[in-house]
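> Residues per chain, in single letters:
2 protein chains.
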Amino acid sequence: MTNEKISGMTISAVAAAAGVGESTVSRVLRNEGSFSHRSRDKVLKAAAELGYVPNRIAGSLASSGSRLVAIVVPSLTNIVFADLLRGAGEVLDAAKYQGVFGVSDYDPLKEQALIASFLEYRPAAVLLSGLEHSDESRKMLKSSGCRVVEMLDVGSDPIGTVVGFSNREAGVAAADYLQGCGYRTIGYVGHDLAADKRAGKRLEGFYAHLQACGLQLADREMTGGRSSVENGRNGLAALLGRRPDLDAVYFSNDDMAIGGYFHCLSQGIRIPEQLGIFGHNGLDIGAHLPTRLSTIQTPRVEIGRLAAQLAIEAGEEKIVDLGFQIVTGQTTKRSSSP
Amino acid sequence: MTNEKISGMTISAVAAAAGVGESTVSRVLRNEGSFSHRSRDKVLKAAAELGYVPNRIAGSLASSGSRLVAIVVPSLTNIVFADLLRGAGEVLDAAKYQGVFGVSDYDPLKEQALIASFLEYRPAAVLLSGLEHSDESRKMLKSSGCRVVEMLDVGSDPIGTVVGFSNREAGVAAADYLQGCGYRTIGYVGHDLAADKRAGKRLEGFYAHLQACGLQLADREMTGGRSSVENGRNGLAALLGRRPDLDAVYFSNDDMAIGGYFHCLSQGIRIPEQLGIFGHNGLDIGAHLPTRLSTIQTPRVEIGRLAAQLAIEAGEEKIVDLGFQIVTGQTTKRSSSP
DNA sequence: GTGAAAGCGCTAACAG
DNA sequence: CTGTTAGCGCTTTCAC
Numbered sequence: 000m001t002n003e004k005i006s007g008m009t010i011s012a013v014a015a016a017a018g019v020g021e022s023t024v025s026r027v028l029r030n031e032g033s034f035s036h037r038s039r040d041k042v043l044k045a046a047a048e049l050g051y052v053p054n055r056i057a058g059s060l061a062s063s064g065s066r067l068v069a070i071v072v073p074s075l076t077n078i079v080f081a082d083l084l085r086g087a088g089e090v091l092d093a094a095k096y097q098g099v100f101g102v103s104d105y106d107p108l109k110e111q112a113l114i115a116s117f118l119e120y121r122p123a124a125v126l127l128s129g130l131e132h133s134d135e136s137r138k139m140l141k142s143s144g145c146r147v148v149e150m151l152d153v154g155s156d157p158i159g160t161v162v163g164f165s166n167r168e169a170g171v172a173a174a175d176y177l178q179g180c181g182y183r184t185i186g187y188v189g190h191d192l193a194a195d196k197r198a199g200k201r202l203e204g205f206y207a208h209l210q211a212c213g214l215q216l217a218d219r220e221m222t223g224g225r226s227s228v229e230n231g232r233n234g235l236a237a238l239l240g241r242r243p244d245l246d247a248v249y250f251s252n253d254d255m256a257i258g259g260y261f262h263c264l265s266q267g268i269r270i271p272e273q274l275g276i277f278g279h280n281g282l283d284i285g286a287h288l289p290t291r292l293s294t295i296q297t298p299r300v301e302i303g304r305l306a307a308q309l310a311i312e313a314g315e316e317k318i319v320d321l322g323f324q325i326v327t328g329q330t331t332k333r334s335s336s337p
Numbered sequence: 000m001t002n003e004k005i006s007g008m009t010i011s012a013v014a015a016a017a018g019v020g021e022s023t024v025s026r027v028l029r030n031e032g033s034f035s036h037r038s039r040d041k042v043l044k045a046a047a048e049l050g051y052v053p054n055r056i057a058g059s060l061a062s063s064g065s066r067l068v069a070i071v072v073p074s075l076t077n078i079v080f081a082d083l084l085r086g087a088g089e090v091l092d093a094a095k096y097q098g099v100f101g102v103s104d105y106d107p108l109k110e111q112a113l114i115a116s117f118l119e120y121r122p123a124a125v126l127l128s129g130l131e132h133s134d135e136s137r138k139m140l141k142s143s144g145c146r147v148v149e150m151l152d153v154g155s156d157p158i159g160t161v162v163g164f165s166n167r168e169a170g171v172a173a174a175d176y177l178q179g180c181g182y183r184t185i186g187y188v189g190h191d192l193a194a195d196k197r198a199g200k201r202l203e204g205f206y207a208h209l210q211a212c213g214l215q216l217a218d219r220e221m222t223g224g225r226s227s228v229e230n231g232r233n234g235l236a237a238l239l240g241r242r243p244d245l246d247a248v249y250f251s252n253d254d255m256a257i258g259g260y261f262h263c264l265s266q267g268i269r270i271p272e273q274l275g276i277f278g279h280n281g282l283d284i285g286a287h288l289p290t291r292l293s294t295i296q297t298p299r300v301e302i303g304r305l306a307a308q309l310a311i312e313a314g315e316e317k318i319v320d321l322g323f324q325i326v327t328g329q330t331t332k333r334s335s336s337p
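Here the protein sequences line up with chains A and B, keeping their order.
Heads up: the first sequence runs through residues 0 to 337, numbered per numbering that gives the first Met the number 0.
Heads up: the second sequence runs through residues 0 to 337, numbered per numbering that gives the first Met the number 0.
Calculated directly from the structure, the hints in this document are not laboratory data.
Note that this is a predicted model, so its numbers are computed, not measured.
One thing to keep in mind: the hints can contain errors.
One copy or two, either will do: identical chains are not told apart, so a pair holds if it fits within one copy or between any two.
[Claimed, not checked] Here are the simulated lysine to aspartate or glutamate pairs, DMTMM-like style, with alpha carbons at most 20 Å apart: (1) K141 / E316; (2) K332 / D244; (3) K44 / E119; (4) K44 / D218; (5) K95 / D106.
From just these sequences and the hints, can you work out the full model?
Next up, the structure:
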């Protein structure tokens with residue numbers, strides 16, 4: 000009923016104990032090919048008694064194909080990427096794949112190093128965040144022959160399959176929404192956009208659409224570093240220090256926006272009358288602030304799930320835009336009185 | 000300068016191109032054993048020209064030892080576990096190991112299934128969260144012979160090495176702190192403690208110490224489900240509905256406490272005079288609320304780092320208590336006027 | 001310092 | 001339906 004040796008158990012030991020050939024054991028254990036009920040029982044019994052644990056390393060070598068899926072995220076301090084991992088993990092788990100993860104820290108070279116390491120394990124697929132990767136990364140990935148899925152954005156010249164939404168359009172939607180609420184003197188608080196390309200694309204869309212509406216960005220504060228509640232809070236303080244006349248602020252994401260929200264609370268700035276606040280991501284916490292945060296809901300878990308799904312199943316490479324949704328909270332005015 | 004075949008490149012191809020034997024290539028590439036400068040150059044040049052990517056699956060089989068480290072976390076919706084992954088990832092990455100993750104959803108049987116899958120990859124080590132695991136999990140792990148590190152708690156009868164802090168003592172410290180602040184009518188708001196054993200241990204310590212101080216828990220509200228800002232907010236509302244006389248509330252963790260904090264803000268309940276709020280974890284966001292959250296800071300990233308470190312280096316199994324720290328915020332009174 | 005050869009544990013034809 | 005036979009690509013003796 001228990002294992003005899005500490006992991007020295009092999010398929011041939013099971014075969015011997017069951018009185019069948021190795022390949023029969025292999026077939027039974029993988030439930031593939033054909034075998035009699037009798038063999039099946041004998042093998043299963045022997046395997047259980049011996050505490051046999053199949054060696055997938057050997058299996059992968061022999062069948063030249065692992066069930067590992069590599070996932071690279073830029074950060075784990077933002078719950079957004081944990082959501083991505085969670086979604087992907089669910090699907091991989093159900094399909095008996097293993098997720099291997101790495102954190103690139105928003106650094107293309109670090110990402111490249113991670114990819115290089117992952118490829119040595121001959122993963123079934125590689126999931127990446129965003130569409131921006133070093134040339135070397137693209138080259139390695141392409142010649143590796145394994146499936147590649149880029150997540151969280153959509154755009155041109157992808158490596159393989161893409162699952163996400165348009166960050167640029169999200170920025171456009173944010174601008175459209177704010178101007179529709181009647182805001183006219185709008186500022187922006189963001190973090191390090193050189194590293195976070197997707198936040199940069201949102202700002203770009205935001206900026207462009209403001210102009211298209213005959214408005215322009217009144218001022219902006221870039222805090223540098225990564226997005227955080229702290230940076231959002233300090234960023235808004237700095238921005239309002241220069242421009243107390245702003246009537247709304249767009250933040251690079253919800254973490255930043257929530258920081259701004261807290262700044263207003265502590266300074267007695269009335270939201271949304273005195274200042275409108277708009278974020279991006281639709282984090283749970285934003286829905287449970289004293290007043291609900293206006294933001295854009297992104298389908299992160301869905302993206303993770305679908306990315307994993309497309310990564311492990313056969314099929315054409317494609318670009319899937321899962322879209323996003325405006326969340327009308329209480330941190331922006333309702334009426335668009337002209 | 001580029002690869003010829005899509006991943007069909009093997010060590011023998013490199014050997015042939017470099018005009019040396021396979022074992023020399025192997026030695027050079029792993030920088031182990033001895034070889035001449037000349038061989039080194041030839042091998043490196045050939046490998047680069049052919050775009051050779053070593054196959055670690057084969058390598059692991061041959062050397063019977065993978066560089067995979069399995070990590071099981073109960074959840075990814077709480078940033079706490081992302082911190083753990085981040086800390087572990089940093090160390091594994093630097094040491095050229097790969098982290099393989101799985102989410103158990105606070106379910107011992109799901110954890111068991113994950114462990115079983117992981118073991119098939121013959122990981123160098125397995126990192127688990129908490130000390131509570133199914134008997135079958137313990138058995139598999141023990142007979143696997145691979146290193147096991149349990150994180151986030153300390154206690155008796157571990158499987159292998161332990162890196163964490165005492166959750167029970169954290170509960171005691173919370174009780175001690177609150178009574179020291181002068182609070183006397185104390186309530187508790189928690190989530191599903193049957194699943195989250197560590198939160199249960201904290202409550203146990205909290206409860207015991209209150210009694211030791213001649214106090215007792217005035218009332219408690221268990222929201223069920225997982226911890227979240229939403230549950231914390233609703234939980235506190237329910238609790239205060241029954242017991243408006245409470246002067247302080249201990250929450251199962253910071254997510255819950257922040258929910259409670261928001262409830263107070265929206266209801267105009269003055270913190271900390273009218274109601275004291277105390278959490279657990281020391282999340283970043285708690286430090287940047289309009290007023291700083293009083294809580295207990297836990298060294299999560301450190302735990303992840305050290306756990307990974309101990310997992311991959313040789314050495315005795317041990318129990319490391321990294322402790323925790325009371326964070327005196329503004330959501331609890333300062334004076335302990337009797 | 002270096003190459004030849006023997007596996008690592010399993011899967012994948014292939015005969016039976 | 002089942003056993004035998006080759007490898008999968010690499011590491012590891014072990015002579016040279």
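> Take the hints in turn and mark each one as holding or not.
How the hints compare with the structure:
{"no.": "1", "hint": "K141 / E316", "in the structure": "within (13 Å within a copy, 43 Å between copies)"}
{"no.": "2", "hint": "K332 / D244", "in the structure": "within (16 Å within a copy, 36 Å between copies)"}
{"no.": "3", "hint": "K44 / E119", "in the structure": "between (36 Å within a copy, 19 Å between copies)"}
{"no.": "4", "hint": "K44 / D218", "in the structure": "neither (72 Å within a copy, 53 Å between copies)"}
{"no.": "5", "hint": "K95 / D106", "in the structure": "between (30 Å within a copy, 18 Å between copies)"}
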